[in-house]
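Peer 1: Chains as they are written, first to last, in my numbering: chain A, 1 to 320; chain B, 1001 to 1320; chain C, 2001 to 2320; chain D, 3001 to 3320.
Because the hints were derived from the structure by calculation, they are not lab data. A virtual CB, placed ideally from N, CA and C, is assigned to each residue, including glycine. Heads up, some of the hints might be wrong.
[Stated by the list, open to error] Pairs of lysine-lysine residues, derived as BS3-like cross-links and limited to a Cα-Cα distance of at most 27 Å, are as follows: (1) K99/A to K46/A; (2) K2133/C to K78/A; (3) K3133/D to K1133/B; (4) K3078/D to K2223/C; (5) K3185/D to K2185/C; (6) K1133/B to K3078/D.
[Stated by the list, open to error] Computed spacing ranges between beta-carbons, pair by pair: (7) K1025/B to I2030/C: 48 to 56 Å; (8) G3065/D to G2231/C: 36 to 44 Å; (9) E2228/C to E3100/D: 40 to 48 Å; (10) A27/A to S3083/D: 54 to 62 Å; (11) K2077/C to D1022/B: 38 to 46 Å; (12) G1231/B to E2092/C: 54 to 62 Å; (13) E1228/B to D180/A: 18 to 26 Å; (14) E1035/B to K2046/C: 55 to 63 Å; (15) K1062/B to E2092/C: 54 to 62 Å; (16) K54/A to S1107/B: 50 to 58 Å; (17) M2145/C to S107/A: 53 to 61 Å; (18) G2231/C to Y3148/D: 28 to 36 Å; (19) S1107/B to N320/A: 44 to 52 Å; (20) E3150/D to N1011/B: 46 to 54 Å.
There are 4 protein chains.
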Amino acid sequence: MINDKNIKTLNFRTDLADERRDIFKKANNIENDIEGIESEENIISKYLKTTKVKILNENASKSLGKPVGNYITIDMKKLKTASEEQIQEAAENLSKELKELIDLHSSKEDPILIVGLGNESVTPDALGPKVTKEIDVTRHILTYMPQYLEPGTRSVSAIAPGVLGTTGIETLEILKGIVDNIKPKLLIVIDALASRSIERISSTIQISDTGIVPGAGVGNTRKDLSKETLGIPVIALGIPTVVETAVLVNDCLDLFIEKLQNEAKSNEYLNELKQKDNYEEIKESLVPNEYNLIVTPKEIDELILNMTSVVARGINFAIN
Amino acid sequence: MINDKNIKTLNFRTDLADERRDIFKKANNIENDIEGIESEENIISKYLKTTKVKILNENASKSLGKPVGNYITIDMKKLKTASEEQIQEAAENLSKELKELIDLHSSKEDPILIVGLGNESVTPDALGPKVTKEIDVTRHILTYMPQYLEPGTRSVSAIAPGVLGTTGIETLEILKGIVDNIKPKLLIVIDALASRSIERISSTIQISDTGIVPGAGVGNTRKDLSKETLGIPVIALGIPTVVETAVLVNDCLDLFIEKLQNEAKSNEYLNELKQKDNYEEIKESLVPNEYNLIVTPKEIDELILNMTSVVARGINFAIN
Amino acid sequence: MINDKNIKTLNFRTDLADERRDIFKKANNIENDIEGIESEENIISKYLKTTKVKILNENASKSLGKPVGNYITIDMKKLKTASEEQIQEAAENLSKELKELIDLHSSKEDPILIVGLGNESVTPDALGPKVTKEIDVTRHILTYMPQYLEPGTRSVSAIAPGVLGTTGIETLEILKGIVDNIKPKLLIVIDALASRSIERISSTIQISDTGIVPGAGVGNTRKDLSKETLGIPVIALGIPTVVETAVLVNDCLDLFIEKLQNEAKSNEYLNELKQKDNYEEIKESLVPNEYNLIVTPKEIDELILNMTSVVARGINFAIN
Amino acid sequence: MINDKNIKTLNFRTDLADERRDIFKKANNIENDIEGIESEENIISKYLKTTKVKILNENASKSLGKPVGNYITIDMKKLKTASEEQIQEAAENLSKELKELIDLHSSKEDPILIVGLGNESVTPDALGPKVTKEIDVTRHILTYMPQYLEPGTRSVSAIAPGVLGTTGIETLEILKGIVDNIKPKLLIVIDALASRSIERISSTIQISDTGIVPGAGVGNTRKDLSKETLGIPVIALGIPTVVETAVLVNDCLDLFIEKLQNEAKSNEYLNELKQKDNYEEIKESLVPNEYNLIVTPKEIDELILNMTSVVARGINFAIN
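For reference, chain A alone in the conformation it holds in the complex (with noise of 0.2 Å):
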């Protein structure tokens, strides 16, 4: 069992449940499953990876960190120089595990609002809103001109409310007001996350269906997004697109540390290091006040632009 004085201690630094878990149990010397966490791997093909995290009581909860509800994690290899294929086949797979918690949450024919987080004019936070302009919408001709469409067309709108430090608004007061106004009966958003691996930089999707809290990706945390706060649900589209900086020094330390107690050099004073947390020193140490340092690969627009693609069609597949 886990007490809480661990948990407390325990900073993840990553969004994604299948990293967390496995974190949670290195920290704590756990070699099966955790209790209350079901966890499930698919190799869909030689690009495509599927693995599946549900958090099912209030105890798995607080060992993650996460609410209860089910985590999808999709990774893609190669997605950089991936072909119309690959990005198709890799988009099919996303459509069938959304539509899946789509309808586990809404009628076929509910009104869906789709919603692209972050900052168009930072590249690596851009693809929220990229991934918008993609959006099949249908509300507007529904409205107007009906006959154009299928009897039974779903209502699908898509807005890219832009981030606080240019807006000036947080992200959930923009959506109550539209939410309020426009009433869907369903919540997609788009947004970046954290996460620890450099190789999942815009080739792993994290989907679930328990809201999300924006600019964590970017080290930015806001008022989240979800049942609670908008009264409808919300199924979260996360994509690490960034490793900060301190993050990688610090894991790249702990390895560091690790070797020297490997090797010869085990003593108190290496056990002493390895249990502190080091992030804020490094964070501290080698990073400039006035700028935020993230790690990307030099090739982060071609990635963006793939990902974009995955993600704009898996929905557009999936919702209509």
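Put chains B, C and D on the given structure of chain A with help from the hints.
Peer 2: Same frame as chain A, now just chains B, C and D:
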């Protein structure tokens, strides 16, 4: 006095009160001021001119097809190659006129919401969203870190709600929700306008305190944003960014027929005209020297994108 | 037969051999084929048409103002909303025609240099540089890592030399130096062209084996790139991307005078025409349904940039 | 005195002569100036500092792995949020230093060619091409319309030759052809540099008169551009725009080991670790093969924009 029949047939194809007044006077052979309309022109400097049109009553409002209120047109010369100083001078002039209207409709500390209309992905429709990004928003700092601001700082927020075609939601519906939620006391809206004059493209600003119809400048009119629909005063900054081709040719034909009527009308003359290459003459009269005018589809960027794919693939297939 | 006087006064204002032939025939009242010119039209599919014009002798060359050689025009319909399949079909068609001309002028393994003319910062002039980036270049791999390529791979290199206004150097001077140094056996040049037809904007490709005059499409002609000036064959891919406003109005006036001549010419009729609002009629006849045509200065991006500064500063000064 | 063995093992991973001198002194425990190297530091203002390093002889050249010549480093503070005045001050300072080097290597009217290296599509590599566009070129005006220029105006041309990966042609090959053809007397090259310091990203300019190795800043070194290879003097403006992740982590580990040693745990093993260059190991373990990971500030776009203004103005002031 102007009868209703005339007014109905007058199709202005410009949103500038200044141009409408001129068209109306010409169409009705009015020499002096129109009853119910006050005008005033000021030469500010070599590069700057201001024209103020006040529509005072319903009769005049019907004549120009514009609500009762204030319309200030600022014309800037040579903005394309403007120096830092010219830009600053124009900004200060705009600021002065805008401040007067703001003070007329709100108190010093009343919260303001700035709204940039238009589609950032379409160059001539991107002005509104681009301006929004440059606004010094304070609302979030007042909420979270008021100690960093001087006492009495006005709350400013800014949003670019997107366009109906990509959101599926009327601009009015989006703004209504936000206004209800964050309760500003004044709206300042920036949008593209229709104008008849090529020289005014992106070189003229019309400030008015009578609201705005989104998308007027690009031919897709929507529900208007005004005190009637939003419950708070709406100051609009409208900037012409395109001229419709059919308007241009229509104007040109009118000039041409006038010339035929004035000069002579024999069949021979027409024959002669037809033989003659009028290109240079037209070029001279229509096209201000400093610009290279081009006719493009609004969708030129997408066209270029698709054509790039065709040509690049075509060459790659052919040479390998 | 065509006398020189007529030829001199014929100002085509199009670089498409296809359009020039039509204009020439009309101007000279020729019903059948022009002596020395062979033409052939092929409907490839619902969206694709090919027209081949062969200029066989000097007389015909003078008539059309184009060198002796091959001119293939590929017209694509609805490229703006083209599906992946249409783009692929068009690319394959282009590839087939291009391959024939390449094989006519070079051997299978002869090194090729691809040249993308134009200014990437000006949307309608950016096609050449954009294509260059998508070319699969092999020359550096053949030099440094030949083991990664199949034996017999053709050496391909690609360059976008920029435009005279920003480099201060004639395109011919830049290319001459590079051709002398890296010694390709064939040049493929991509550039914007002038056309008279709005429907052809970014929807037509002219392939020719007679070289090219850079900048013809945007009204700034330069020294030509051809076998004479560079010493190797030059295949040109020309794509119309803009129509000049004065050309458009001139064409429209010609149509209008024709109409006057055909229908009636009384002063009353002209008066009536003047009263009438011809806008809808002009709009219908000039503007293909699928496009929103706009007249903009070529410098619209800079204008928008400067205007953004003016408005943003103006608002910021006014509200703070 | 420094022996060759030491020099060989010193891997600087920076192109700044200033940083190399410091690393060399530290590695060899030198307190005072190195023989054959002259240094001078000037605080210009609150935001500006200049460091001049002169490498005087072959021995010193070997020590720092840099050719004999002049290296001037200009450090700018807070460039991200620089005001118009700060940008102007920095540009004037750059201009002064640059002018001195230009006068040292050319006469007042000698034609100059400006070369912007890098890939404009990759944000941190786009500085060179961006600066090129802002240069006031005169060569074409001197050729075609000399009457518009004052007598004695220097001939200035500018080119952005692209990168090997997209052209297939070595930068040296492209430039050799152009230099042979248009015969400038001096080359000014702008490129990205490698630096070890995050604070210097897009905030430092190194001016040198010893040529440049293209792509050094982004880890792909090519044939050098210098008087030896091009036949005319080459002044280089190098600007650090990224820091490699492995360099960052390596530096961090060094600091960490130092801390271990200082505080309690000095022992042979740690000493050994410190001696060892862990770079390759870190690079291998941290960085997936397919990516080039880079550390950039999130604000890199604004930094590049302001730096482009400083460099373009600095050059324009210096050469005209």
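Peer 1: Does each hint hold? Answer for all of them.
Peer 2: Going through the hints against the structure:
{"no.": "1", "hint": "K99/A to K46/A", "in the structure": "holds (23 Å)"}
{"no.": "2", "hint": "K2133/C to K78/A", "in the structure": "holds (21 Å)"}
{"no.": "3", "hint": "K3133/D to K1133/B", "in the structure": "holds (25 Å)"}
{"no.": "4", "hint": "K3078/D to K2223/C", "in the structure": "violated (47 Å)"}
{"no.": "5", "hint": "K3185/D to K2185/C", "in the structure": "violated (31 Å)"}
{"no.": "6", "hint": "K1133/B to K3078/D", "in the structure": "holds (21 Å)"}
{"no.": "7", "hint": "K1025/B to I2030/C: 48 to 56 Å", "in the structure": "holds (51 Å)"}
{"no.": "8", "hint": "G3065/D to G2231/C: 36 to 44 Å", "in the structure": "holds (42 Å)"}
{"no.": "9", "hint": "E2228/C to E3100/D: 40 to 48 Å", "in the structure": "holds (46 Å)"}
{"no.": "10", "hint": "A27/A to S3083/D: 54 to 62 Å", "in the structure": "violated (48 Å)"}
{"no.": "11", "hint": "K2077/C to D1022/B: 38 to 46 Å", "in the structure": "holds (42 Å)"}
{"no.": "12", "hint": "G1231/B to E2092/C: 54 to 62 Å", "in the structure": "holds (58 Å)"}
{"no.": "13", "hint": "E1228/B to D180/A: 18 to 26 Å", "in the structure": "holds (21 Å)"}
{"no.": "14", "hint": "E1035/B to K2046/C: 55 to 63 Å", "in the structure": "holds (59 Å)"}
{"no.": "15", "hint": "K1062/B to E2092/C: 54 to 62 Å", "in the structure": "holds (60 Å)"}
{"no.": "16", "hint": "K54/A to S1107/B: 50 to 58 Å", "in the structure": "holds (55 Å)"}
{"no.": "17", "hint": "M2145/C to S107/A: 53 to 61 Å", "in the structure": "holds (57 Å)"}
{"no.": "18", "hint": "G2231/C to Y3148/D: 28 to 36 Å", "in the structure": "holds (34 Å)"}
{"no.": "19", "hint": "S1107/B to N320/A: 44 to 52 Å", "in the structure": "holds (49 Å)"}
{"no.": "20", "hint": "E3150/D to N1011/B: 46 to 54 Å", "in the structure": "holds (52 Å)"}
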